[in-house]
Amino acid sequence: GAVVSQHPSWVICKSGTSVKIECRSLDFQATTMFWYRQFPKQSLMLMATSNEGSKATYEQGVEKDKFLINHASLTLSTLTVTSAHPEDSSFYICSASGWEKENEQFFGPGTRLTVL
Amino acid sequence: KQEVTQIPAALSVPEGENLVLNCSFTDSAIYNLQWFRQDPGKGLTSLLLIQSSQREQTSGRLNASLDKSSGRSTLYIAASQPGDSATYLCACSWGYGNKLVFGAGTILRVKS
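Protein chains in written order, with our numbering: chain A, 1 to 116; chain B, 1 to 112.
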């Protein structure tokens with residue numbers, strides 16, 4: 001199967017700071033990466049879809065200026081939570097799909113963000 | 001609106017029982033459907049992927065079926081074990097390379 005990693009696995013930051021989360025496809029080229037958010041006891045909700053080399057498409061209600069997504073290469077996408085607040089505390093999970101696997105998404109292990 | 005619903009929300013069974021988890025979706029024109037397992041505080045483990053042209057997929061003690069006309073999928077777990085305890089998520093895609101829409105999940109507890 002295809003492997004997707006995320007870094008860091010967990011992060012604690014102060015309110016008002018920015019946090020960057022990395023998502024990497026380790027053994028395939030990811031033309032599309034997806035960023036999801038999961039609040040406690042809730043399911044995953046898609047935040048944005050990012051295609052390599054182009055701007056991300058954000059879901060309704062997700063602030064693009066707050067959640068900056070960069071997908072500059074076929075193996076790396078980053079999500080930056082700018083001016084984080086306690087309500088941004090959540091579990092962030094990325095997934096990736098590639099040319100040879102475009103009908104299946106492979107998920108990273110997730111990043112737990114806690115904003116104090 | 002394309003939505004995915006899972007019932008029951010929670011299920012507790014004794015070890016050894018066979019069980020069925022249900023998933024329904026509002027738009028029958030799905031591209032594929034996927035079942036995942038999520039352990040507390042962890043990421044997702046893909047269990048089974050069913051393409052729209054398929055009726056079922058099997059992996060070990062797991063069997064997932066798909067009925068597009070009725071907008072339903074079931075995940076059958078045979079001879080349940082305490083290690084099967086987790087949250088099971090159903091997710092649908094309605095296009096090639098498209099996003100997944102997740103159900104709220106079923107929390108399964110298998111008692112020893």
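Take the hints with a grain of salt, since some may be wrong.
[Said to hold, decoys possible] Covered stretches of chain B (chain A as the covering partner; in silico rule of three or more C-beta atoms under 8 Å from a C-beta of chain A):
{"id": "1", "region": "30-44"}
{"id": "2", "region": "69-79"}
[Said to hold, decoys possible] Derived pair list, reagent style DSS-like, types lysine-lysine, alpha-carbon separation capped at 27 Å:
{"id": "3", "chain 1": "B", "residue 1": "68", "chain 2": "A", "residue 2": "55"}
{"id": "4", "chain 1": "A", "residue 1": "66", "chain 2": "A", "residue 2": "41"}
{"id": "5", "chain 1": "A", "residue 1": "64", "chain 2": "A", "residue 2": "14"}
{"id": "6", "chain 1": "A", "residue 1": "55", "chain 2": "A", "residue 2": "41"}
{"id": "7", "chain 1": "A", "residue 1": "66", "chain 2": "A", "residue 2": "20"}
{"id": "8", "chain 1": "A", "residue 1": "14", "chain 2": "B", "residue 2": "42"}
{"id": "9", "chain 1": "A", "residue 1": "14", "chain 2": "A", "residue 2": "66"}
{"id": "10", "chain 1": "A", "residue 1": "55", "chain 2": "A", "residue 2": "66"}
{"id": "11", "chain 1": "B", "residue 1": "1", "chain 2": "B", "residue 2": "111"}
{"id": "12", "chain 1": "A", "residue 1": "20", "chain 2": "A", "residue 2": "64"}
{"id": "13", "chain 1": "A", "residue 1": "66", "chain 2": "B", "residue 2": "42"}
{"id": "14", "chain 1": "B", "residue 1": "111", "chain 2": "A", "residue 2": "41"}
{"id": "15", "chain 1": "B", "residue 1": "1", "chain 2": "A", "residue 2": "20"}
{"id": "16", "chain 1": "A", "residue 1": "64", "chain 2": "A", "residue 2": "41"}
{"id": "17", "chain 1": "B", "residue 1": "111", "chain 2": "B", "residue 2": "42"}
{"id": "18", "chain 1": "B", "residue 1": "1", "chain 2": "A", "residue 2": "64"}
{"id": "19", "chain 1": "A", "residue 1": "20", "chain 2": "A", "residue 2": "55"}
{"id": "20", "chain 1": "A", "residue 1": "14", "chain 2": "A", "residue 2": "41"}
{"id": "21", "chain 1": "A", "residue 1": "41", "chain 2": "B", "residue 2": "1"}
{"id": "22", "chain 1": "A", "residue 1": "20", "chain 2": "B", "residue 2": "42"}
I should point out that these hints are in silico values taken from the structure, not numbers from a laboratory.
Glycine included, each C-beta is placed from N, C-alpha and C at the ideal position.
Evaluation of the provided hints:
1. 30-44: holds (count 8)
2. 69-79: violated (count 0)
3. 68/B - 55/A: This hinted pair is violated, its Cα atoms lying about 34 Å apart.
4. 66/A - 41/A: Measuring from Cα to Cα gives roughly 24 Å; hence the hint holds.
5. 64/A - 14/A: Satisfied, since the Cα-Cα distance of roughly 21 Å is no more than 27 Å.
6. 55/A - 41/A: Violated, because 31 Å separates the two Cα atoms, which is more than 27 Å.
7. 66/A - 20/A: 12 Å, holds
8. 14/A - 42/B: OK: residue 14/A and residue 42/B at ~23 Å, within 27 Å.
9. 14/A - 66/A: Roughly 16 Å separates the two Cα atoms, so the pair holds.
10. 55/A - 66/A: 15 Å, holds
11. 1/B - 111/B: 37 Å, violated
12. 20/A - 64/A: 14 Å, holds
13. 66/A - 42/B: 25 Å, holds
14. 111/B - 41/A: Measuring from Cα to Cα gives roughly 21 Å; hence the hint holds.
15. 1/B - 20/A: 32 Å, violated
16. 64/A - 41/A: 25 Å, holds
17. 111/B - 42/B: Since the Cα atoms of residue 111/B and residue 42/B sit roughly 21 Å apart, the hinted pair holds (cutoff 27 Å).
18. 1/B - 64/A: 23 Å, holds
19. 20/A - 55/A: 17 Å, holds
20. 14/A - 41/A: Distance ~24 Å between residue 14/A and residue 41/A Cα, so the pair holds.
21. 41/A - 1/B: Satisfied, since the Cα-Cα distance of roughly 23 Å is no more than 27 Å.
22. 20/A - 42/B: Holds - the C-alpha atoms of residue 42/B and residue 20/A are around 19 Å apart, at most 27 Å.
Going through the hint list in order, the structure does not satisfy hints 2, 3, 6, 11 and 15.
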